[in-house]
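J.: Chains as they are written, first to last, in our numbering: chain A, 1 to 392; chain B, 1 to 392.
A few of these clues could be false.
Claimed, not checked - The calculated DSS-like cross-link candidates involving lysine-lysine, where the alpha carbons are at most 27 Å apart (straight line), are:
{"no.": "1", "chain 1": "A", "residue 1": "Lys134", "chain 2": "B", "residue 2": "Lys162"}
{"no.": "2", "chain 1": "B", "residue 1": "Lys120", "chain 2": "B", "residue 2": "Lys331"}
{"no.": "3", "chain 1": "A", "residue 1": "Lys120", "chain 2": "B", "residue 2": "Lys331"}
{"no.": "4", "chain 1": "B", "residue 1": "Lys120", "chain 2": "A", "residue 2": "Lys162"}
{"no.": "5", "chain 1": "B", "residue 1": "Lys134", "chain 2": "A", "residue 2": "Lys162"}
{"no.": "6", "chain 1": "A", "residue 1": "Lys134", "chain 2": "A", "residue 2": "Lys120"}
Stated by the list, open to error - Derived list of chain B stretches under chain A, where covered just means 3 residues or more per stretch with a C-beta under 8 Å from a C-beta of chain A:
{"no.": "7", "region": "128–142"}
{"no.": "8", "region": "156–165"}
{"no.": "9", "region": "259–267"}
The set of hints was computed from the structure by calculation and includes no laboratory data. Note that the coordinates shown come from a computational prediction; the quantities given were computed from them, not determined experimentally. Idealized CB from N, CA, C, for every residue including glycine.
Protein chains: 2
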Amino acid sequence: MTTGTTAGFGLENLPYGVFSHGDDRRRIGVAYGDAVLDVGAAAAGGPFEALLAAPVLNPLLAAGRATWTAVRAAITEWLRDPVTSAHLVPRSEVTLHLPFEVGDYVDFYSSEQHATNVGKIFRPDSAALTPNWKHLPIGYHGRSGSIVVSGTPVVRPKGQRKGPQDPAPVFGPSVRLDIETEVGFVVGAGSPLGSTVPVEDFAEHVFGVFLLNDWSARDLQAWEYVPLGPFLGKSFATSISPWVVPLDALQAARVAPPARDPEPLPYLRDNGDWGLDLAIEVRLNGHLVSSPPFAGMYWTPAQQLAHMTINGAPTRPGDVYASGTVSGASKQEYGSLLEMSWGGAEPLTLPDGTTRTFLEDGDEIVISATAPGPDGSRIAFGEVAGRIEPAT
Amino acid sequence: MTTGTTAGFGLENLPYGVFSHGDDRRRIGVAYGDAVLDVGAAAAGGPFEALLAAPVLNPLLAAGRATWTAVRAAITEWLRDPVTSAHLVPRSEVTLHLPFEVGDYVDFYSSEQHATNVGKIFRPDSAALTPNWKHLPIGYHGRSGSIVVSGTPVVRPKGQRKGPQDPAPVFGPSVRLDIETEVGFVVGAGSPLGSTVPVEDFAEHVFGVFLLNDWSARDLQAWEYVPLGPFLGKSFATSISPWVVPLDALQAARVAPPARDPEPLPYLRDNGDWGLDLAIEVRLNGHLVSSPPFAGMYWTPAQQLAHMTINGAPTRPGDVYASGTVSGASKQEYGSLLEMSWGGAEPLTLPDGTTRTFLEDGDEIVISATAPGPDGSRIAFGEVAGRIEPAT
Numbered sequence: 001m002t003t004g005t006t007a008g009f010g011l012e013n014l015p016y017g018v019f020s021h022g023d024d025r026r027r028i029g030v031a032y033g034d035a036v037l038d039v040g041a042a043a044a045g046g047p048f049e050a051l052l053a054a055p056v057l058n059p060l061l062a063a064g065r066a067t068w069t070a071v072r073a074a075i076t077e078w079l080r081d082p083v084t085s086a087h088l089v090p091r092s093e094v095t096l097h098l099p100f101e102v103g104d105y106v107d108f109y110s111s112e113q114h115a116t117n118v119g120k121i122f123r124p125d126s127a128a129l130t131p132n133w134k135h136l137p138i139g140y141h142g143r144s145g146s147i148v149v150s151g152t153p154v155v156r157p158k159g160q161r162k163g164p165q166d167p168a169p170v171f172g173p174s175v176r177l178d179i180e181t182e183v184g185f186v187v188g189a190g191s192p193l194g195s196t197v198p199v200e201d202f203a204e205h206v207f208g209v210f211l212l213n214d215w216s217a218r219d220l221q222a223w224e225y226v227p228l229g230p231f232l233g234k235s236f237a238t239s240i241s242p243w244v245v246p247l248d249a250l251q252a253a254r255v256a257p258p259a260r261d262p263e264p265l266p267y268l269r270d271n272g273d274w275g276l277d278l279a280i281e282v283r284l285n286g287h288l289v290s291s292p293p294f295a296g297m298y299w300t301p302a303q304q305l306a307h308m309t310i311n312g313a314p315t316r317p318g319d320v321y322a323s324g325t326v327s328g329a330s331k332q333e334y335g336s337l338l339e340m341s342w343g344g345a346e347p348l349t350l351p352d353g354t355t356r357t358f359l360e361d362g363d364e365i366v367i368s369a370t371a372p373g374p375d376g377s378r379i380a381f382g383e384v385a386g387r388i389e390p391a392t
Numbered sequence: 001m002t003t004g005t006t007a008g009f010g011l012e013n014l015p016y017g018v019f020s021h022g023d024d025r026r027r028i029g030v031a032y033g034d035a036v037l038d039v040g041a042a043a044a045g046g047p048f049e050a051l052l053a054a055p056v057l058n059p060l061l062a063a064g065r066a067t068w069t070a071v072r073a074a075i076t077e078w079l080r081d082p083v084t085s086a087h088l089v090p091r092s093e094v095t096l097h098l099p100f101e102v103g104d105y106v107d108f109y110s111s112e113q114h115a116t117n118v119g120k121i122f123r124p125d126s127a128a129l130t131p132n133w134k135h136l137p138i139g140y141h142g143r144s145g146s147i148v149v150s151g152t153p154v155v156r157p158k159g160q161r162k163g164p165q166d167p168a169p170v171f172g173p174s175v176r177l178d179i180e181t182e183v184g185f186v187v188g189a190g191s192p193l194g195s196t197v198p199v200e201d202f203a204e205h206v207f208g209v210f211l212l213n214d215w216s217a218r219d220l221q222a223w224e225y226v227p228l229g230p231f232l233g234k235s236f237a238t239s240i241s242p243w244v245v246p247l248d249a250l251q252a253a254r255v256a257p258p259a260r261d262p263e264p265l266p267y268l269r270d271n272g273d274w275g276l277d278l279a280i281e282v283r284l285n286g287h288l289v290s291s292p293p294f295a296g297m298y299w300t301p302a303q304q305l306a307h308m309t310i311n312g313a314p315t316r317p318g319d320v321y322a323s324g325t326v327s328g329a330s331k332q333e334y335g336s337l338l339e340m341s342w343g344g345a346e347p348l349t350l351p352d353g354t355t356r357t358f359l360e361d362g363d364e365i366v367i368s369a370t371a372p373g374p375d376g377s378r379i380a381f382g383e384v385a386g387r388i389e390p391a392t
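Generate coordinates for the entire structure from the input sequences, incorporating the hints supplied.
T.: The following block contains the structure:
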């Protein structure tokens, strides 16, 4: 388990997905090496049969932390047992699907470097960070129905754009199609209307972690987003990786988040380190173009969930929230082409000699990540991939 | 059928809801006079049994326009038939529930008067309308999981606020809790990822209409909303009326929308009149405080759906979108307390001698509406009600 898709998928990881194999029936699977364990089949006759025979992860998500821990232990046993491990299927033979039904989708904006870069590019006459940025994790709701699994083609969206010198908006395919390299979190055990989820309860509510590409049409976004935020510039597609890495697999990846100045209000104070040391890689047509470091994110997922619920908003199994674009200090660590090309002013040159500001038809983006596992092992997230198809 | 809850619920209307009666079982019902027809029971043994025996409207929503028309005709027959009309239950005995599972929720901002008022109050140093306002129906995604049925108590949300003179944000219960008087639309037949819904296809996709109160914490909203839009200032609760009035009942309510200047881009041009002449009333603790006219909305629901999908975003049965706050030309026609009290500067005096800027604990808001029906009849929407409970 050291090469290709098998590296990082050892017993330390055991991420969950939904696959089909040989027919249309969707089944819950767990990635192990170069295989998938059909856990619905392995669970037959036991206490977790009903949860794991579902075609989506939502019943397991709803079951809560104690069940998640027990199921994980059972899967480890099944992989060691010759009878149940007969339900391993080669990963190369399966089709992967969206792993859960998505409830609400919230996108945050929690990388200080990214927010600073975007502020400089979009609002050059103002302070880069808005006055609220260091007091709360800024977020907004995205379109749940547009969340698709890795590999789904992304059709170039059409819409309105208007440059500062244009007398009126024009309509057509986006000419500034971009990526946003993000990390996603899925809520398992929900919280009812009127309740809050304190920072310290994060791991009781969040089930797992995956990669997310929040495709963005920067020209549509720039024209529409004042005053109510991004809408059509984002809602055409959001891709996620098919394997949900359970929090249990990420204990060795936990790191202290950066120091915050000013100190946040009490409901946002850290309680346990939920910074996560994920090493992310972004490839454009196979070329590595960026390596954004997740460990430096200003706001952690625990703070994001606490903020999202401080007003009593409910959460449900399958609710998704995402980190916001992950950007480090240098161009080689930026999480969007907007930043890598500095608003289009500084094209990237790829190793094949071509240049890019934004995405061209046919371009493929692949985002992958790994994290420290126990005893020097690595935890792999697999990848979220998508290829741009021409506007229709 | 001329008084109380029975007026406007004749054969011309027949709105759909979900009720329980005597036990916890949720059933689809149609309001008729002072009764509810248990349409799942009435449909037993017939072609619509599976659709109408569901505990939510979603299967009926997904069935599409031809089925909606056929079911409506069948219900009219069932109400005239002594056997099936035995499934009428007194409306006073039933409990009403959320009528459908909500997919995505989009809130628009399509009243020119409201947008102008808010611009003047929130951004007094800028033009009241942003440059994009007359080119596209501005909208953003809200929180689907916070949509609740009329009658659900609304707990005053807590969060961050910061006045312009405050050195740092403070945390506590909202002190500027407000309403937004809106009209909601529910998508029936969805549209797949990558497709668009032209203006002229509106009635093939949208099933019906209801009332919506987008509760808003103006102090939280003002501090958080730049640059990515409203989030916690809205996501704590959105109330909807329990009866979904089918488009079929609103043919006599259709009116030409106002003239648009400048002319919208071709994909937003009107094709058929989908302005709707709803007469809305807003009551605070029983006192009529506003009568917002819906007929004057700048963007119609047909244009809103066309815009929402022009980038290829998919729609699903149960997706909700709302008009934005409905405001007419005078204070007696404004759809929010923000406008009625002009940002809190001009308190309202109620007939009982008390004054209000924003909502106080214990206040109850009831929004109701009627529309022209065929042959001089009226179509009633019922009401969306909510009472404010103190912060916890």
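J.: Please go over all the hints and tell whether each is borne out by the structure.
T.: Hints, verified against the model:
no.: 1; hint: A:Lys134 <-> B:Lys162; verdict: holds, 13 Å
no.: 2; hint: B:Lys120 <-> B:Lys331; verdict: holds, 15 Å
no.: 3; hint: A:Lys120 <-> B:Lys331; verdict: violated, 41 Å
no.: 4; hint: B:Lys120 <-> A:Lys162; verdict: holds, 24 Å
no.: 5; hint: B:Lys134 <-> A:Lys162; verdict: holds, 13 Å
no.: 6; hint: A:Lys134 <-> A:Lys120; verdict: holds, 17 Å
no.: 7; hint: 128–142; verdict: holds (count 10)
no.: 8; hint: 156–165; verdict: holds (count 5)
no.: 9; hint: 259–267; verdict: holds (count 4)
The structure is inconsistent with hint 3 alone, although it conforms to all the rest.
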